[in-house]
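> Make the full structure from the sequences, and use the hints.
Reminder that position 197 of the sequence shown reads as 436 in this note's numbering, one-by-one numbering, no gaps.
Nothing false has been slipped in among the hints.
16 Å max Cα-Cα, derived EDC-like pairs, lysine to aspartate or glutamate:
id : residue 1 : residue 2
1  : K459      : D337
2  : K399      : D378
3  : K384      : E409
4  : K456      : D337
5  : K404      : D378
6  : K351      : E379
7  : K396      : E334
8  : K351      : D437
9  : K356      : D378
10 : K489      : D437
11 : K311      : E457
12 : K500      : D472
13 : K358      : E379
14 : K471      : E450
15 : K483      : D422
16 : K333      : E457
17 : K326      : E379
18 : K435      : D424
19 : K459      : E334
20 : K356      : D437
21 : K321      : E457
22 : K393      : D417
23 : K456      : E308
24 : K245      : E290
25 : K399      : E409
26 : K536      : D519
These are computed hints drawn from the structure, not numbers from a lab.
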Amino acid sequence: MDNKQKSIDVYSIIKPEIEKLINCGSTTPILDSRILLAHTLSYARSVYTHENINISKNQINKFQNLISERAKGKPVSRIINKKNFWKKEFQINKETLDPRPDSEVIIEYFFKYYEDKFKKLKILDLGSGSGCLGLSLLDEYQNSKVSFLDVSKKSLKAVKFNSLKFKMYERTKLISLDWSSPDWDRDLLDFEKNIKFDAIVTNPPYIPSAEIELLQKEVKYYDPLIALDGGKDGLDAYRLIFSKLFKLLKPNGKLFVEIGKNQEKFISTIGLNNGLLTIDYGRDLQGIIRLIVFTIK
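Written as structure tokens, this is what we have:
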């Protein structure tokens with residue numbers, strides 16, 4: 240195959256690939272094509288539609304293969320194993336949930352309750368996935384520390400990679416525990432030498448099982464099922480973790496919990512039944528209540 244590079248304008252390379260993506264129903268065909276071309280070329284920056292680039296026939300073939308993956312429904316983030324969240328680009332893998340802009344409401348409301356960014360906070364990122372929540376908070380609160388808890392060791396590898404990349408590893412703890420086990424809270428406190436947390440952030444699975452099949456193919460086929468499926472009514476994870484969380488928070492500690500659409504009343508009730516008092520709600524970019532803030536009752 241030909242590895243000799245030649246100068247060619249980006250538009251002439253991506254135009255036929257854009258058409259392929261449009262025909263497959265992509266809503267962002269130009270952006271997808273530019274990102275995948277930049278990835279093919281190992282660029283740290285984006286490519287621009289009307290610039291000239293040096294590219295080989297091998298690289299064009301590789302780019303076209305990536306477009307074919309996208310046309311089959313694979314998200315761009317899953318093709319390049321990266322996703323932007325808050326102010327950083329996070330590495331992801333097949334066992335981490337794809338970070339979503341809706342989850343950024345957790346960071347915004349955290350600022351509301353912890354205005355002093357020099358404060359030394361002990362934070363738990365529960366079900367941490369790629370670590371996007373906890374590491375975004377570490378970036379904002381330079382004197383704080385975060386413990387990342389996840390059942391998936393591969394997810395924790397992503398957290399480690401991202402924390403090293405952002406030079407935050409020394410302020411992290413990586414803990415592999417399963418919140419469906421009866422004594423995970425006790426095991427966590429043993430690991431933490433019985434020092435409780437100032438704040439907990441979590442994005443549990445909240446999609447009712449029967450609705451998984453109705454999700455976009457980018458989600459149902461490529462996000463890990465364990466991070467989506469919340470059981471029959473979508474609330475199984477909340478029942479499991481809320482029975483433990485009041486034991487893990489310091490007095491006046493805060494819990495920031497992402498929720499699904501129209502779940503706020505049910506989840507507030509589960510919290511109340513487990514010693515947690517709702518003090519605030521946060522809405523996502525579409526105006527949907529996506530966050531509940533709790534404190535100890």
